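The primary structure of each chain is shown beneath.
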Amino acid sequence: MSEFQSVCSVNDLIPDAGVNALVNGQQVAVFYIDGKVYAIGNYDPVGKANVMSRGMTGNIGDALVVAAPLYKEHYNLATGVCIENDALSVPVYEAKIENDVVFVKV
Amino acid sequence: MSKQKIVVIGNGMVGHNFIEKLVASEGNQNFEVHTFCEEPRVAYDRVYLSSYFSGKTAEDLSLVTPGFYEENNIKIYMNDKAVDIDLKAKTVASEAGIIIGYDKLVMATGSYPFVPPIKGNDRPGCLVYRTIEDLEKIQAEADKGKVGVVVGGGLLGLEAAKALSDLGLETHVVEFAPRLMPVQLDDGGAALLKRKIENLGVRVHCSKATTIISEGETCQNKMVFADGETLETDIVLFSAGIRPRDDLAEKVGLTLGPRGGILIDNQCQTSDPDVFAIGECALHDGITYGLVAPGYAMAQVVVDQLNNKTATFEGADMSTKLKLMGVDVGSIGDPHGNDEDALSYVYENGPEEIYKKIVVTPDGKKLLGAVLVGDAEDFSNLLQIMLNDMDLPEHPDALILPNRDGGGGDLFGPDALPESAQLCSCYDVSKGDIISAVESGCCTMADIKASTQAGTGCGGCIQLVNNVLNSELEKRGVEVNTDLCEHFAHTRQELYHICQVEEIKDFATLISKHGKGHGCDICKQTTGNIFSSLWNAYALEKDQIPLQDTNDGYLGNMQKDGTYSVIPRVPGGEITPEKLIVLGEVAKKYKLYTKVNGGQRIVLFGAQINDLPAIWKTLVEAGFESGQAYAKALRTVKSCVGSTWCRFGLDDSVTMAIEVENRYKGLRSPHKMKMGVSGCTRECAEAQAKDIGLISTENGWNLYVCGNGGMKPRHADLFATDLTKEEVFKYVDRLLMFYIKTADRLQRTATWLENLEGGLAYLQDVVINDSLNIAEELESQLQTLREGYACDWKRVVDNPEYAKRFRSFVNVDSPAEQLFVEERGQLRPATEDEKLKGIAVEVKELV
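Taken in order, these protein sequences are the chains called A and B.
According to the numbering used here, the first sequence holds residues 1 to 106 in order.
According to the numbering used here, the second sequence holds residues 1 to 847 in order.
These are computed hints drawn from the structure, not numbers from a lab.
Since the structure is predicted, the reported quantities are computational estimates derived from the model, not experimental observations.
Cβ coordinates follow ideal geometry from the N, Cα and C atoms, glycine included.
Worth double-checking, as some hints may not be accurate.
[As the list claims (entries may be wrong)] Calculated cross-link-like contacts (lysine to aspartate or glutamate; reagent style EDC-like; alpha-carbon spacing at most 20 angstroms): (1) B:Lys542 to A:Asp34; (2) A:Lys72 to B:Glu486; (3) B:Lys542 to A:Asp12; (4) B:Lys321 to B:Asp378; (5) B:Lys505 to B:Asp543; (6) A:Lys36 to B:Asp543; (7) B:Lys560 to A:Glu73; (8) A:Lys48 to B:Asp833.
[As the list claims (entries may be wrong)] What the simulated footprint calls covered on chain B by chain A, stretch by stretch (three residues with Cβ under 8 angstroms from a Cβ of chain A suffice, anywhere in the stretch; the number is not a length): (9) 513-527; (10) 548-559.
In isolation and in its complexed conformation, chain A is listed as follows:
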């Protein structure tokens, strides 16, 4: 079983934007929205490049999403599923903030 690993301080995050973290050799895109953190795989399955952390965040209906920066598909931050094409998805990782430290479980 994998464990939560500390990644960075909350101060390293920018509200409503993402950063890229290297956890267990995996690139993880971490987003900080309304005081909560969301972690998904940094690999864009359509653009085939490690860029998800550089996407813009927002909501579509009830879903919090990030727009892939290359071709602008939207992925649900909670489920990893692509809004435009539900056959596509990115991995979702558990993430939390404790004492101003960001943890991700990969």
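Starting from the structure of chain A, add chain B where the hints point.
Structure of chain B alone, referenced to chain A:
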């Protein structure tokens, strides 16, 4: 089946329009078309002839797309006039001796200007106004003289007066009738028009009959009037009406009307069933039409019949709307109330110089006519009411009274119109045609224009067509939603205005006051762009970072593999060897793929995100600035080498390009902008394919605007001619700010202009004549933005806080894995296949 041979005599507006329509018709491949053009150039726009003197060239006025005749295998005999027709043998003979047979003959010989039989009407300086050759003669005379008189105060006469006044002459209009435009206007409307035109410096003399033109004392000519008064003038320009050119028809025995004109029936057939006549040479039901729209309608009728369809011409409405010397004038139906029981309503607004009158039936139910001067906005509405015989509201005056409290609105919305209603008279497009276009998938005004041509003529119908389009889309459940996205029920223009007025500088404030939810990539990008355009907001400030698309946010264009391109600004494309060496050294050190791009700039590709600050530190220290190739902003100003080196250059295009680039660099706009400066009309910089283009002439700079290369090329429009550098900057400052203020999200200047109500003329009015009284504000806004310019990358180099954003990982200092392959001595991204086969190079080893 052998082809049907069609011969067209006359290559004026209507003759050409007929051929265009024939070529576009379904039976096109069944016809072999020949046409005679006695003028030295193919069909051109006579309606806007006076614009020849305000900067348009003969080419600008041309109605023929270059290559049109060749591509469609149409034989055109230039500079050759048809002089004889053998109706029995069915042949046409020309002045040059060509004889060709026809199956069907179309006469589109047009008209000639009527010169009143006044003694001395053939004196030097006595001219007419009809062809480009006439204009050249007028110009030559104007160069010698200082006073010009137009004889005739009708529609064409006033156009001609504009031409004389544009040439800088002291201009007079002499009208025989007691008022201007006696056919179209009533006394009240004409009086206001006279006042407005006189305010523009043109002297109007009504109720004047010229008796003789003789040698003048202070000028070349002297006109003597029946009342004994005289007027000294260099030019006498006759514009007293037109007469059909029916001499050839008469010679070969076709039936003419009692006062001339080739007699035609409802099929546009002459007395010989194989000969048609269309346009101003034809006489239909006792009327010769001096307007272009009925001519186009006749052309359509003949084209339909040649395609074996039934079609009839049943007369045309003579209503007109136009801008005469900047004054809006509209005339509908019978504006005089010739039916003596007719009733009228008049609205006259002295201070604002507006006159409106409607004439209605005695029972007040139907509209018979209208006159509009100073404000012709109601024209389309009123015209549709009359043409479609629609019932008037209980109080017909509501149609012309100002709607100040905003209530009421359109009394007759687009839904009230029947499908047969003609919306665009230039191209005869009905409401039904718009509906079919919507049914076949047109969703925007641009689609409609491309598919039906509606609105591409005079442009007067655009608003109405747009209303019909929106209403039809709504009916089909296509929500005509101008909302930016689900978070804002506003357009970009509205958000810009809101942010400006309320001085909003961050997204949280904006969305809490005017939107809902978290926002999305659409509204955030738009807002970030607006903040930059309004306040020079910097992309790497904490509250601006989430509003940036990846290119804007990382100050580079993201490539397909997630790396970025590095494009330093090289103003005007001029670069020193020293700087070129620095670029080479940086490229070598970071193993960047190097290429010259389409905008004459050197691009270094493949920079990894964590290397960007160091790369730019070297570049900034060598004196480079960010080229902003990632931003919705000025990209490059392309230039030729100009008069400094080129044997043909008229002006120093490189210096101009550098100044333009430095003036507008960093200015954030709704979309990217490209500019070009050419040192002569050879146009090596392709300035006419740019948002802003400058071409040097002997007398200064010609300014072209709203061009576009790319996916949908658009030739830029000539905006103003012979400008000084100061004038160029003044106009471009205003135009760009007006674009920033009013364009839609991600709308290039080309589409912006296409959708701008009133089009180029309106834009010229706003920018050159300051018709909205905002020029000063636009200029000062632009100046503030210019003063606040700072290089995006220098700020990163100077501030480690900003540089933090460019780490590959938030938790590790190493770069991310990135795979490349070598090709032609440089690195390029590895393909998926190459990655699988393991032939890609891993993370670059830095030299």
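Hint by hint, here is what the structure shows:
1. Proximity of B:Lys542 to A:Asp34 is assessed by CA-CA distance (about 15 angstroms); at most 20 angstroms being required, the pair is judged to hold.
2. The straight-line distance between the Cα atoms of A:Lys72 and B:Glu486 is roughly 17 angstroms, inside the 20 angstroms bound, and the hint therefore holds.
3. Under the criterion of a C-alpha separation no larger than 20 angstroms, the hint pairing B:Lys542 with A:Asp12 is consistent with the structure, at around 11 angstroms.
4. For the given pair, B:Lys321 sits about 10 angstroms from B:Asp378 by alpha-carbon distance, which is consistent with the 20 angstroms threshold.
5. Distance check on the hinted pair: B:Lys505 and B:Asp543 sit about 9 angstroms apart at the alpha-carbon level, within 20 angstroms; holds.
6. Restraint check: the Cα-Cα separation between A:Lys36 and B:Asp543 comes to about 17 angstroms, which is no more than 20 angstroms; the hinted pair holds.
7. For the given pair, B:Lys560 sits about 15 angstroms from A:Glu73 by alpha-carbon distance, which is consistent with the 20 angstroms threshold.
8. Restraint check for A:Lys48 and B:Asp833: satisfied, since their Cα atoms lie roughly 12 angstroms apart, inside the 20 angstroms limit.
9. Under the rule that three or more residues need a Cβ within less than 8 angstroms of chain A, the assignment of the stretch 513-527 of chain B holds, with 8 such residues.
10. With 6 residues having a Cβ less than 8 angstroms from any Cβ of chain A, the stretch 548-559 of chain B passes the three-residue criterion, so the hint holds.
When held up to the earlier numbered hints, the structure conflicts with none and fits them all.
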